[in-house]
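Colleague: One-letter residues, chain by chain:
Number of protein chains: 2
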Amino acid sequence: MRTSSSSAVRRAAGLAAVVAAASAAALAAPPQPRRASLVVTGGTVITMDAERRILSPGAVAICGDSIAAVDTPAAIARRFVAADIVRADGAVVLPGLVNTHGHAPMVMYRGLADDLALMDWLQKYIFPAESKTVTPELVRVGTRLAALEMIQSGTTLHTDMYYFEEEVARATKAAGMRGVLAQTVIGFPAPDAKTPADGLARAKRFMEEFRGDPLIVATVAPHSMYTVDAESLKASRDLARTFGVPLVTHLAETDDEVRRSLEAHRLTPAAYLDSLGFWDTPALAAHGVHLTDDDIALLRRRGVALSHNPESNMKLASGAAPIVKCLRAGLAVGLGTDGAASNNDLDMFEAMRQAAFLHKLTDKDPTAASARTVLEMATIGGAAALGLADRIGSLEQGKRADLIVVSMRAPRQTPMYNPVSHLVYVTRGDDVRTTVVNGRILMRDRRMLTLNAPSVLADARRLAARVREAVEAAKPPQSSTAK
Amino acid sequence: MRTSSSSAVRRAAGLAAVVAAASAAALAAPPQPRRASLVVTGGTVITMDAERRILSPGAVAICGDSIAAVDTPAAIARRFVAADIVRADGAVVLPGLVNTHGHAPMVMYRGLADDLALMDWLQKYIFPAESKTVTPELVRVGTRLAALEMIQSGTTLHTDMYYFEEEVARATKAAGMRGVLAQTVIGFPAPDAKTPADGLARAKRFMEEFRGDPLIVATVAPHSMYTVDAESLKASRDLARTFGVPLVTHLAETDDEVRRSLEAHRLTPAAYLDSLGFWDTPALAAHGVHLTDDDIALLRRRGVALSHNPESNMKLASGAAPIVKCLRAGLAVGLGTDGAASNNDLDMFEAMRQAAFLHKLTDKDPTAASARTVLEMATIGGAAALGLADRIGSLEQGKRADLIVVSMRAPRQTPMYNPVSHLVYVTRGDDVRTTVVNGRILMRDRRMLTLNAPSVLADARRLAARVREAVEAAKPPQSSTAK
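From first to last, the protein sequence lines stand for chains G and S.
So the first sequence is numbered by the numbering used here: it starts at 1 and just counts up by one.
So the second sequence is numbered by the numbering used here: it starts at 1 and just counts up by one.
It should be emphasised that the hints constitute simulated quantities derived from the structure, not laboratory data.
Each hint can be trusted.
Since the list gives no way to pick out one identical chain from another, each pair is judged satisfied if it fits inside one copy or across any two copies.
With a straight-line cut-off of 25 angstroms between C-alpha atoms, the simulated DSS-like cross-links for lysine-lysine are:
{"id": "1", "residue 1": "Lys364", "residue 2": "Lys124"}
{"id": "2", "residue 1": "Lys364", "residue 2": "Lys325"}
{"id": "3", "residue 1": "Lys194", "residue 2": "Lys132"}
Chain G extracted, bound-state conformation:
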């Protein structure tokens, strides 16, 4: 997957055949140009298709919500009359990035407390803040802020687990983003449900509301094997199976979770969930930091996909997930940022770089987690992990038109020998110029089209004052004299 200027088109396996077929058709009957709602043309197109073709320059024609063709700019110009054109000269065009794990509204808690031991972080900051401030309004305002950040940094689909998930879904849809969104079920009183049964009922209503939605996959997320009872875990599985959507959960994030699982069940978390038949339906497990080789083989047999969150795992000192092993075993692995309270941003470019750095370090191998591998995880791999590889994750005729245009002209991106290396090692979310989801432009040359950025930021700052008060109030009063 290496290219240098336009010669890549000729060298690209498979493309010659496509062009030849098109030419043959052209000879048989003079072509009638087809109307495209949008053409993106002139950049280096990294398709992430099965042959990993790179067209430099290339073009993508979009009709409605779908990709009608990926070809050379000249061929697309011959075949389509474009209602709208985005020029991508000097830029890279690639599939929209797929974030496979997050808690969007937690942007409201970003940077509230860092560099703390996990229990201090949770008990002194995150839990007090959540218990006092998680309302439908905070979820709505937080999701809008998260969507703004994600669209600006090239994420076109986010996977979410939180409370009041219908608010997350409405805000995601209004912003024009795609989402695999899961209502949380948890074994203690939550802001939106007193019991797991209440949570399950909420989840069912939520899944009914968004059934068949073109942008939203509504599902259920039992929080984890250590916070949800066996019956609720099974009921969650049944709900996901009934609706034909992937089940979402946290798995083996910390060594403490594994230790407690072994004590309580004499089984690892993955094996315990398997003993309940939890994996009998398509599922996405987040983290998997402390998976054993047997766990990996089990997840592979059960077809469970993994979301890898390198930044969160490093920042919270959870550890390094055995991702190279998981990929070698054939698991579908996507990348995620986790929530902004633990990362602290939602930039998938940072997640890619971090994944590459992390596994080279822990595997003591500079060839591990190559730029190509992590770009796969962030695009087609994530789509596969969510069971959506037939619809998104690559730029191919017939797939939904989710793509981004990324500038490659900054000094830190100069010179450019290899665009894939540059996407991972020197590019930031801020280099994304244009974001398209389902054929609709959400950001054009950095201008937001579906969100009013100043009002989103103002709302967030207003609610942040309430969060700060909640945390201050939860602190024990400080004595004015030393003891």
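Given chain G, work out where chain S should sit, using these hints.
Modeller: Just chain S now, kept in the frame of chain G:
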């Protein structure tokens, strides 16, 4: 070092006394406002002084090349008449970032070859590229490109080791940056010197040319203990001592280096250099990935400072330097990016985040390498490592005016509870708006004042074609039939 809005001024230790003293002086005699060449006012000023004061809002008055005062905006407005004013509302003002290790011209090789085993990377790409393309022109063009990237991302001082170092120095000075720049001495034929003796002679001429320069500290860098003979190592030390500048070298970067040192000398690299008396003059060692506890104690006794390069060490799978131990032992530790061939950018904000993530992971401790600690390494710690803490590294009266203004208004930086956390965990080099070195504005609101960016980029792209050709020519001819 935590603050929330303007109340931080009142809470900040030490500031009350300063204000009181100023008020007392004001009562004694009506103040005559002094002329300031530049005032930066209105932002949150993170001083990095001994008390780690944060003024929110604060202001910095600059007279010529030095800081005349750091105070509240109102106090600065009373005390100074400003010839020029930079508004920093909604931004953070902090000391310019100090990059303690790099090879600036190697930006010309960034992304040329990634994800390779070290020897493949060096022998198939970097060495052929360097042997055929390192000329004074490439060093000049590369340093300009590196300076552009560094000024844009808030670095005000870079530490360098390369060939034709006088070209690095001239380009650094012309860009207005500060540099601790070292002519390389190495034990095999280099692009600018056939022998170590030639390298030493070049170093001496270079150090004479820039002696006493207000921006450039010119010194010598024996490449490492495994590439330079004992006599040349000692001669380098003598040269640095004669000129009163810090000696610069690579140290214990890979386990292979340590193994070979133990085989050849029955001593670790640090101990072997000590046996030569190499550490008998102030020195800065880059990397220190594989330092033993005894090495750390030895470096502490000898007053050797360390440059930590987390991104390079991870990407090349060198390992994790024992930085928490080094800091605890009292070593002066600065941060560095290393050259762009191994990183692949020169963004110190990325280096800060990476340092925080890396040590939390490897120490299994989320409190390790806090945001405050890594910000110290990137500012006052780096200044101390270079023996320049009396002149730069913090915003204090009498120090040289090296500072940056960093925007904090992006969606990914919203809300902001703690500016220090945000600098490390959600800020990028691209958020830097204004960069000041030695009292001179090098970039103002993203507009470059000392470098012509389009011409720097065009020159770099032109030379990159030559680099690509050199690498292609060095590859063995590929057989057209499979064997």
